[in-house]
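J.: The lines below spell out each chain.
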Amino acid sequence: DVKVTQSSRYLVKRTGEKVFLECVQDMDHENMFWYRQDPGLGLRLIYFSYDVKMKEKGDIPEGYSVSREKKERFSLILESASTNQTSMYLCASSTLDRGRRNEQFFGPGTRLTVL
Amino acid sequence: GENVEQHPSTLSVQEGDSAVIKCTYSDSASNYFPWYKQELGKRPQLIIDIRSNVGEKKDQRIAVTLNKTAKHFSLHITETQPEDSAVYFCAASISIDGGSQGNLIFGKGTKLSVKP
Numbered sequence: 001d002v003k004v005t006q007s008s009r010y011l012v013k014r015t016g017e018k019v020f021l022e023c024v025q026d027m028d029h030e031n032m033f034w035y036r037q038d039p040g041l042g043l044r045l046i047y048f049s050y051d052v053k054m055k056e057k058g059d060i061p062e063g064y065s066v067s068r069e070k071k072e073r074f075s076l077i078l079e080s081a082s083t084n085q086t087s088m089y090l091c092a093s094s095t096l097d098r099g100r101r102n103e104q105f106f107g108p109g110t111r112l113t114v115l
Numbered sequence: 001g002e003n004v005e006q007h008p009s010t011l012s013v014q015e016g017d018s019a020v021i022k023c024t025y026s027d028s029a030s031n032y033f034p035w036y037k038q039e040l041g042k043r044p045q046l047i048i049d050i051r052s053n054v055g056e057k058k059d060q061r062i063a064v065t066l067n068k069t070a071k072h073f074s075l076h077i078t079e080t081q082p083e084d085s086a087v088y089f090c091a092a093s094i095s096i097d098g099g100s101q102g103n104l105i106f107g108k109g110t111k112l113s114v115k116p
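These protein sequence lines are chains A and B, in that order.
Just so you know, this note's numbering puts 11 at position 11 of the first sequence, and the rest follows in order with no gaps.
Just so you know, this note's numbering puts 24 at position 24 of the second sequence, and the rest follows in order with no gaps.
Excised from the complex, chain A in its bound form (with noise of 0.2 Å):
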């Protein structure tokens, strides 16, 4: 059963903090990525990461980073957090082995507010 967590459900931050989000997968997954999801907005693609070391920019990166140092885990960083961030973050992933499905397997989520 594919595992994904993410490091707090809840977070409160103060603008101009730095803020890590962490997301760990036990399923030895290749692709992570980092979600964003606002009422109305859907999921919105932040960044995501194919290998190690490897980051690809999604529909909105402006603002954040990334960081995959090891397989399993993916983090968000929020170099200078503004009330414009406050969301619902969503961690994800997939494999690339071929034929099967590309399912993407989601974490609990973790729910920033930025004051």
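Hints are not guaranteed to be accurate.
[Said to hold, decoys possible] With a cut-off of at most 30 Å between alpha-carbon atoms, the simulated DSS-like pairs for lysine-lysine come out as follows:
{"id": "1", "chain 1": "B", "residue 1": "57", "chain 2": "B", "residue 2": "42"}
{"id": "2", "chain 1": "A", "residue 1": "70", "chain 2": "A", "residue 2": "57"}
{"id": "3", "chain 1": "B", "residue 1": "68", "chain 2": "B", "residue 2": "58"}
{"id": "4", "chain 1": "A", "residue 1": "3", "chain 2": "B", "residue 2": "42"}
{"id": "5", "chain 1": "A", "residue 1": "55", "chain 2": "B", "residue 2": "37"}
{"id": "6", "chain 1": "B", "residue 1": "42", "chain 2": "A", "residue 2": "18"}
{"id": "7", "chain 1": "B", "residue 1": "42", "chain 2": "A", "residue 2": "55"}
{"id": "8", "chain 1": "B", "residue 1": "111", "chain 2": "B", "residue 2": "57"}
{"id": "9", "chain 1": "B", "residue 1": "37", "chain 2": "A", "residue 2": "71"}
{"id": "10", "chain 1": "B", "residue 1": "71", "chain 2": "B", "residue 2": "108"}
{"id": "11", "chain 1": "B", "residue 1": "42", "chain 2": "A", "residue 2": "71"}
{"id": "12", "chain 1": "B", "residue 1": "37", "chain 2": "B", "residue 2": "22"}
{"id": "13", "chain 1": "A", "residue 1": "55", "chain 2": "A", "residue 2": "71"}
{"id": "14", "chain 1": "B", "residue 1": "115", "chain 2": "B", "residue 2": "68"}
{"id": "15", "chain 1": "A", "residue 1": "13", "chain 2": "B", "residue 2": "22"}
{"id": "16", "chain 1": "B", "residue 1": "71", "chain 2": "A", "residue 2": "3"}
{"id": "17", "chain 1": "A", "residue 1": "55", "chain 2": "B", "residue 2": "108"}
{"id": "18", "chain 1": "B", "residue 1": "42", "chain 2": "B", "residue 2": "22"}
{"id": "19", "chain 1": "A", "residue 1": "18", "chain 2": "B", "residue 2": "115"}
{"id": "20", "chain 1": "B", "residue 1": "115", "chain 2": "B", "residue 2": "42"}
{"id": "21", "chain 1": "B", "residue 1": "37", "chain 2": "A", "residue 2": "57"}
{"id": "22", "chain 1": "A", "residue 1": "18", "chain 2": "A", "residue 2": "71"}
{"id": "23", "chain 1": "B", "residue 1": "68", "chain 2": "A", "residue 2": "57"}
{"id": "24", "chain 1": "B", "residue 1": "37", "chain 2": "A", "residue 2": "3"}
[Stated by the list, open to error] Here chain B is said to cover these stretches of chain A; the calculated rule only asks that three of the stretch's residues, wherever they fall, bring their Cβ under 8 Å from a Cβ of chain B:
{"id": "25", "region": "38–51"}
{"id": "26", "region": "103–109"}
Worth flagging that the hints you see were computed from the coordinates, not collected in a lab.
Backbone N, C-alpha and C fix where the C-beta goes; we use that ideal spot for every residue, glycine too.
Mind docking chain B on chain A? Use the hints.
T.: Coordinates of chain B only, in the frame set by chain A:
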């Protein structure tokens, strides 16, 4: 790039009725179309998907249809039950060589309410 439009944004049905959610996509190269269900307070989970080499796929009470010419696909839920109440997201992506392709473009979601 790909753009996915999803309608309606909210849908309310009586228990036992059918529900239909529709999505359109812009990139004719897209060939993989999954649907995710997110119950309140929980993570999105894949419920059904379809590839562009088929026009319809069924799994018990849920089915997905695909019209490649018109670039739209739909989720059909029959005999709805209260536990079907959730937010449903459609998505589209390009799958390479029939294998895995990671990048999904999601629609904005449909909140389905099934009234007992």
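J.: Does each hint fit the structure? Answer for all of them.
T.: Hints and how they fare:
no., hint, verdict
1, B/57 to B/42, "holds, 26 Å"
2, A/70 to A/57, "holds, 19 Å"
3, B/68 to B/58, "holds, 18 Å"
4, A/3 to B/42, "holds, 14 Å"
5, A/55 to B/37, "holds, 27 Å"
6, B/42 to A/18, "holds, 27 Å"
7, B/42 to A/55, "holds, 27 Å"
8, B/111 to B/57, "holds, 22 Å"
9, B/37 to A/71, "holds, 27 Å"
10, B/71 to B/108, "holds, 17 Å"
11, B/42 to A/71, "holds, 25 Å"
12, B/37 to B/22, "holds, 14 Å"
13, A/55 to A/71, "holds, 12 Å"
14, B/115 to B/68, "violated, 33 Å"
15, A/13 to B/22, "violated, 38 Å"
16, B/71 to A/3, "violated, 34 Å"
17, A/55 to B/108, "holds, 25 Å"
18, B/42 to B/22, "holds, 23 Å"
19, A/18 to B/115, "violated, 44 Å"
20, B/115 to B/42, "holds, 20 Å"
21, B/37 to A/57, "holds, 25 Å"
22, A/18 to A/71, "holds, 23 Å"
23, B/68 to A/57, "holds, 28 Å"
24, B/37 to A/3, "holds, 17 Å"
25, 38–51, "holds (count 8)"
26, 103–109, "holds (count 6)"
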